[in-house]
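From first to last, the protein sequence lines stand for chains V and F. Residue numbers for the first sequence, in this note's numbering: 60 to 171. Residue numbers for the second sequence, in this note's numbering: 583 to 696.
Watch out, some of these pointers could steer you wrong.
Distance ranges between label pairs, derived from CB positions [unchecked claim]:
no., chain 1, residue 1, chain 2, residue 2, range
1, V, Thr64, F, Asn633, 37 to 45 angstroms
2, V, Glu74, F, Gly598, 46 to 54 angstroms
3, F, His667, V, Ser62, 25 to 33 angstroms
4, V, Thr79, F, Thr599, 43 to 51 angstroms
5, F, Leu658, V, Gly60, 42 to 50 angstroms
6, F, Glu604, V, Ser62, 30 to 38 angstroms
7, F, Gln624, V, Ser73, 38 to 46 angstroms
8, V, Ser138, F, Leu658, 25 to 33 angstroms
9, V, Phe77, F, Asn652, 46 to 54 angstroms
Stretch by stretch, here's where chain V covers chain F in the computed footprint (C-beta under 8 angstroms, at least three residues) [unchecked claim]:
no., segment
10, 611–625
11, 685–693
Simulated from the structure, these hints should not be mistaken for lab results. Virtual Cβ for every residue (Gly too), placed ideally from N, Cα, C.
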Amino acid sequence: GDSVTQMEGPVTLSEEAFLTINCTYTATGYPSLFWYVQYPGEGLQLLLKATKADDKGSNKGFEATYRKETTSFHLEKGSVQVSDSAVYFCALSRGGGNKLTFGTGTQLKVEL
Amino acid sequence: GAVVSQHPSWVICKSGTSVKIECRSLDFQATTMFWYRQFPKQSLMLMATSNEGSKATYEQGVEKDKFLINHASLTLSTLTVTSAHPEDSSFYICSNIAGENEQFFGPGTRLTVL
Chain V
60 GDSVTQMEGP
70 VTLSEEAFLT
80 INCTYTATGY
90 PSLFWYVQYP
100 GEGLQLLLKA
110 TKADDKGSNK
120 GFEATYRKET
130 TSFHLEKGSV
140 QVSDSAVYFC
150 ALSRGGGNKL
160 TFGTGTQLKV
170 EL
Chain F
583 GAVVSQHPSW
593 VICKSGTSVK
603 IECRSLDFQA
613 TTMFWYRQFP
623 KQSLMLMATS
633 NEGSKATYEQ
643 GVEKDKFLIN
653 HASLTLSTLT
663 VTSAHPEDSS
673 FYICSNIAGE
683 NEQFFGPGTR
693 LTVL
């Protein structure tokens with residue numbers, strides 16, 4: 060079945076550091092890929108998405124490129140801020156119907 | 583974006599009792615809502631798809647008589663955990679679909695069964 064694997068956290072960075080959170084997936088066909096972010100006490104929010112190979116999703120300085128050859132969708136940001144501290148979830152959706160398969164989430168802590 | 587609320591945000595109950603969790607769409611109508619369950623340090627697992635005016639569709643391995651879902655209106659879906667036991671302790675999250683098939687998530691409900 061479908062699955063999403065992302066790096067374990069917590070990831071602790073200093074402000075303005077470069078961020079990479081790895082995500083790989085297993086799915087048949089051509090899934091859509093997503094990154095969701097969950098700030099403390101809030102619900103998951105869509106951060107960015109990509110629907111086909113080589114697409115790049117971007118939002119709020121975050122980027123991720125849909126790499127079919129490596130079945131990856133790594134999340135990157137050039138300079139993190141304290142306000143980026145949150146839990147980040149990689150997810151996929153396949154075949155319509157809007158059902159999402161999530162990774163386990165990666166907690167990011169950004170310190171001054 | 584669309585706003586989804588859940589009530590309560592946390593609940594503690596005794597084993598054997600039933601607990602109802604509400605999921606509301608505050609600013610849009612949702613014909614479809616999803617219920618997820620999340621264990622500590624694990625991913626969100628889809629439990630069921632709730633459709634307004636019809637029976638919910640449960641994922642494999644989810645007991646429909648244990649987790650009762652009622653989607654009585656376009657703005658409200660409820661999940662009732664019947665005869666709760668400690669193994670039902672978890673974080674329950676709902677989501678709605680709006681706009682271009684984007685899912686909007688509630689903040690979750692922490693259930694602890696003693």
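Checked hints:
Taken as a hint, the range 37 to 45 angstroms is violated for the pair Thr64 (chain V) and Asn633 (chain F), whose Cβ atoms sit roughly 31 angstroms apart. Separated by about 49 angstroms at the C-beta atoms, Glu74 (chain V) and Gly598 (chain F) satisfy the suggested range of 46 to 54 angstroms. For His667 (chain F) and Ser62 (chain V), the Cβ-Cβ distance of about 28 angstroms falls inside the hinted range of 25 to 33 angstroms, so the restraint holds. For the pair Thr79 (chain V) and Thr599 (chain F), the supplied restraint of 43 to 51 angstroms holds, since their beta-carbon distance comes to about 45 angstroms.
Between Leu658 (chain F) and Gly60 (chain V) the beta carbon distance is about 31 angstroms. The supplied range of 42 to 50 angstroms is therefore violated. Checking the proposed 30 to 38 angstroms range against Glu604 (chain F) and Ser62 (chain V) shows it holds: the Cβ atoms sit about 31 angstroms from each other. Evaluation of the 38 to 46 angstroms hint for Gln624 (chain F) and Ser73 (chain V) yields a failure: the beta carbon distance comes to about 29 angstroms. Evaluation of the 25 to 33 angstroms hint for Ser138 (chain V) and Leu658 (chain F) yields a failure: the beta carbon distance comes to about 42 angstroms.
Distance hint check for Phe77 (chain V) and Asn652 (chain F): the Cβ-Cβ separation is about 47 angstroms, which falls inside the suggested range of 46 to 54 angstroms. Counting residues of the segment 611–625 of chain F whose CB lies closer than 8 angstroms to any CB of chain V gives 5, which reaches the minimum of 3, so the coverage claim holds. Check on the segment 685–693 of chain F: 6 of its residues sit with their Cβ under 8 angstroms from a Cβ of chain V, so the three-residue criterion for coverage holds.
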